[in-house]
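Number of protein chains: 2
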Amino acid sequence: MCKGEHHQWPLSTGSKLLSITRTIETVSRLRCIACGATPNSAGQDFRCTACGDLLEFFFPGWTLDPLLSDPTSLKSLWLNRRTSSDALDQSGVWRFRELLPHIPNLEEHAITLREGNTPLYRLPRCARAAGVENLQAKHQGMNPTASFKDTGMTFAASSAHQSGFRWVACASTGNTSASMAAYAARGNMHSLVLIPEGKISWGKLSQSLDYGALTCQLRTDFDGCVQILNDLVRQKPVYLLNSVNPYRIEGQKTAAIELMEQLAWQPPDHIIVPGGNLGNSSAIGKALLEMRELKLISRLPKLSIIQAHGANPFYRSVREFGGKKLEPMTADTLATAIRIGNPASWKKALRVLQATGGEVEEVTELEIAAAKAEIGADGIGCEPASAVTLAGLKKLRQSGFVKPAEAVVLILTGHLLKDPDFTIKFHRGDLFADAAVAGAPDETEAAKAKYLQRAPVVLDANLAAVIAALDAAERNS
Amino acid sequence: MCKGEHHQWPLSTGSKLLSITRTIETVSRLRCIACGATPNSAGQDFRCTACGDLLEFFFPGWTLDPLLSDPTSLKSLWLNRRTSSDALDQSGVWRFRELLPHIPNLEEHAITLREGNTPLYRLPRCARAAGVENLQAKHQGMNPTASFKDTGMTFAASSAHQSGFRWVACASTGNTSASMAAYAARGNMHSLVLIPEGKISWGKLSQSLDYGALTCQLRTDFDGCVQILNDLVRQKPVYLLNSVNPYRIEGQKTAAIELMEQLAWQPPDHIIVPGGNLGNSSAIGKALLEMRELKLISRLPKLSIIQAHGANPFYRSVREFGGKKLEPMTADTLATAIRIGNPASWKKALRVLQATGGEVEEVTELEIAAAKAEIGADGIGCEPASAVTLAGLKKLRQSGFVKPAEAVVLILTGHLLKDPDFTIKFHRGDLFADAAVAGAPDETEAAKAKYLQRAPVVLDANLAAVIAALDAAERNS
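Protein chains in written order, with the working numbering: chain H, 7 to 483; chain C, 7 to 483.
Please keep in mind that the hints were generated in silico from the structure rather than gathered at the bench.
Treat the hints with care, as some may be off.
It does not matter which identical chain is used: a pair holds within one copy or between any two.
Unchecked claim - 20 Å max Cα-Cα, derived SDA-like pairs, lysine to any residue:
1. 409 to 236
2. 81 to 481
3. 81 to 230
4. 205 to 427
5. 81 to 465
6. 431 to 204
7. 242 to 480
8. 409 to 78
9. 81 to 92
10. 454 to 272
11. 205 to 481
12. 409 to 45
13. 242 to 169
14. 205 to 430
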């Protein structure tokens, strides 16, 4: 039985396919991304003991596995699991478990909230605004805790459970902690959250409290929280759930697999991802490369990464130093989910950028706010960090990197409800007035977004007043 | 093509089943729930022109339809649609369209955000707290706009589109407006929202702004907003999307169908639903009765309805007047989604209660807050109104109406992120201090929930402080 869910409704459909005998268990190994060392297991901090860089999973056994050499069978196995009533099959992560590292006694340790299975939406108004014909958004904010973090967390929390940990921990700008706290609770583990004081959204804080985490607001920034956490896990039996944990990256891979399935395995020309700590870009890129290796797709989309101007260390690394080094910075942007000055996974992301031929871009606070309102007007809604993708797409169109007829998929990472304050302040017109953020527009500049603002109207409770408001809106529409 | 989504990824699986020829188009008719009149169409206010009461759909053609007389075929048709890549098949509402009224030229008018498909979760800690062995929650807060309203809105908004309306409107405590604004935007319609000033959560207000609604905050309560809206739709070509609209009820029915599928068509003993405007209870009950009629299930679960003490007109109607009348009241509860004093669908809900043998209950503000924290501790999370179900279950257990071994399903109606303020204030310990709400506990009483509170800890950024906090939590765990 997997944690947090028991299989109460045995349905038989699909079970024949599910029981295809795997003659060879997929072998997964860890490898250092810098020095290439292949340790048998990872330390508490998930760093290479030889050189200190990040570890990643690779799969030397794939070539020996008959199922993995048969893309058609794999695709129908995954498709048919959609009709299964098993909790793991119903998860958009575990449905693709053939491409994930092996976790022993999975049925006993898997913790799932039925993550993944996120929709792919057309964005007709945004497409017009960006000047492309074929624009879709994969909305990872439709996960259970309302951000993409759930896809990695289900896998990494299950690994923590399998390893027998009682405590899990992370440093977070808010989304990771919300997700971790939920999965820890489902798996009967305790969770410790380190967040920068005063710098995460109310909504995200409410989640870690509700799910029962021990929530510590530290008087520092995200990168300061990461440092303390790294010291902590070396001294205490606490499982590290930050994105340096390679299990998180593996779980997050599945978003790209699911996307390709939704596109009938025909890759788009471009995938555009927000760039914060850069774990998500790394995961999506890793999945694309692995899917091509397994002949699940025949060509690679270009994966591009967009950062906020006030938190652009990766952009600067690529543009100024050709990716040879990354200079940490003090990050500052209203898109709190990507307010990160020293991104852990920058080398992994760089590799993906180079392998797929993608581009980096940076966008201003005003561009983010405008793009967010445009996505909302398409009836979708997302948190500010997700909107950098549309803002970035506009720039990539202007530069000619994206052509009008090319197919583009934006990865939206968080739900609108993750940061309602931002939305309300934007529409009320005081988002930038209150904020002292690097790159925030002055009054004249901010006024350019006025046409997107839809402030609420306060009226007396009478019919005539409402009809007047309706008529005015009709005239302006 | 349905609005808001084009079918870009033609997959063949399941299409054979989908094209089963329907020899007889399901005939749906409208009927007044009070006088039994069967008008050919509904007026702008969706009221019976003879007696002014609510209308509902019924299906005299069902008995003539060979597919609907064959529950096994219906079940496998619906199951197999899960493997389809068609946007309508991927919706947890439209997947069950055989049981919904016919909308002409559906492909052209359907507006979907891939609503429904919501998870059914075990609640192990809550089960212990309530004293039952088999407790699950169907989480309708996992819908695209984070509340159950989406299931009804996709259907009713499509009907508005088919009827050629440019404007749709609703009065709302917040969830309806969020949902309506999103679907209107997807369908290229304008939306008008009437909400009581200062009495909806920040998150919900942010949604209607983001999705582009004309949002009017009226200086009155929800029931006052409803009154003005009813007057408005008689004067202006505006489509009414409140829950008196019977299309909304039809869409919401599908949650119960999906639930039965998840339970392998074995009904639980009890389904427990929050009671606000009572459209949701009505819809779920209607679906249960229809599923029994079509032999999709062989027996009825008892459907019970829980209200907040400060907004309990239906509870009082049943307990004090035997359901013979309902006395409207001024509603007052921190569970804003059910702060409704004059519920539109009370007669429909009463019928359901009587037909299934369910019960009504009321719960206090403290009971709601405690139940919400308990659901959160199970790693799920919901908005306050959803938590009345667990609080009510406890009372139904105490009264003996629910037996320890009986299977119970709670309907959670909204996501945790719909009202983060409530959560943060509860855990910080000042939820009731700030509130002047009927039935709120005094200080001594409120202290009883202290053991559930998990206030964030603010610390200097040093390792020793974090370790001390961790050790303290470990000692208390």
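Verification of the supplied hints:
no. : hint       : in the structure
1   : 409 to 236 : neither (43 Å within a copy, 49 Å between copies)
2   : 81 to 481  : neither (51 Å within a copy, 49 Å between copies)
3   : 81 to 230  : neither (43 Å within a copy, 54 Å between copies)
4   : 205 to 427 : both (13 Å within a copy, 16 Å between copies)
5   : 81 to 465  : neither (56 Å within a copy, 50 Å between copies)
6   : 431 to 204 : both (17 Å within a copy, 16 Å between copies)
7   : 242 to 480 : between (62 Å within a copy, 12 Å between copies)
8   : 409 to 78  : neither (31 Å within a copy, 50 Å between copies)
9   : 81 to 92   : both (18 Å within a copy, 17 Å between copies)
10  : 454 to 272 : neither (38 Å within a copy, 57 Å between copies)
11  : 205 to 481 : neither (41 Å within a copy, 29 Å between copies)
12  : 409 to 45  : neither (44 Å within a copy, 54 Å between copies)
13  : 242 to 169 : within (15 Å within a copy, 64 Å between copies)
14  : 205 to 430 : both (18 Å within a copy, 15 Å between copies)
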